[in-house]
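Asker: Sequence:
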Amino acid sequence: MTQIQRIDTNDRLAEAVIYQGVAYFAGQVPETSVEKNAYEQTKEVLTLIDKLLEKIHSHKRRILNAQIFLANMQDYALMNQAWDEWVDVQNPPARATVEAKLADPRWKVEIVITAAV
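60 is the number that our numbering gives to position 31 of the sequence shown; each next residue is one higher, with no gaps.
Keep in mind the hints are simulated off the structure, nothing from the lab.
Note that the coordinates shown come from a computational prediction; the quantities given were computed from them, not determined experimentally.
Misleading hints may appear alongside valid ones.
[As the list claims (entries may be wrong)] Per label pair, the in silico range of CB-to-CB distance:
#, residue 1, residue 2, range
1, Ala106, Ala132, 21 to 31 Å
2, Met102, Arg35, 26 to 36 Å
3, Val118, Gln32, 29 to 39 Å
4, Ile36, Thr61, 28 to 38 Å
5, Gln32, Glu128, 32 to 42 Å
6, Gln110, Arg135, 32 to 42 Å
7, Gln34, Val141, 16 to 26 Å
Cβ coordinates follow ideal geometry from the N, Cα and C atoms, glycine included.
Taking the hints into account, I'd like the entire structure generated from these sequences.
Answerer: Okay, structure coming up:
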């Protein structure tokens with residue numbers, strides 16, 4: 030039986046779950062930049078993703094899929110500015126971006142990724 034590994038769990042969720050060499054991340058949201066614009070919030074979220082990738086011994090070049098949720102599509106350009114500065118252009122993931130009502134009204138962006146370990 031293949032083991033399931035859960036990373037940074039609490040009573041509600043795990044920040045990442047690894048199964049058969051694939052890591053499934055929970056939605057990553059801004060923690061300290063909630064009063065900032067979408068560019069700054071996206072940069073923070075991508076930093077959180079980098080930290081989780083490092084914790085599971087992976088890297089952004091191994092991201093398979095990214096789902097980006099924006100509270101307002103008017104922030105698309107600012108989010109893309111931060112994304113374009115961060116993404117591995119030699120190994121970009123499949124990606125979708127949608128507008129969604131996020132759980133905290135101060136959040137402008139939430140990102141979910143799936144990555145190879």
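Asker: Could you run down the list of hints and mark each one as holding or not?
Answerer: Now for the hints, and whether the structure bears them out:
no.	hint	verdict
1	Ala106 x Ala132: 21 to 31 Å	24 Å, holds
2	Met102 x Arg35: 26 to 36 Å	33 Å, holds
3	Val118 x Gln32: 29 to 39 Å	34 Å, holds
4	Ile36 x Thr61: 28 to 38 Å	21 Å, violated
5	Gln32 x Glu128: 32 to 42 Å	37 Å, holds
6	Gln110 x Arg135: 32 to 42 Å	20 Å, violated
7	Gln34 x Val141: 16 to 26 Å	18 Å, holds
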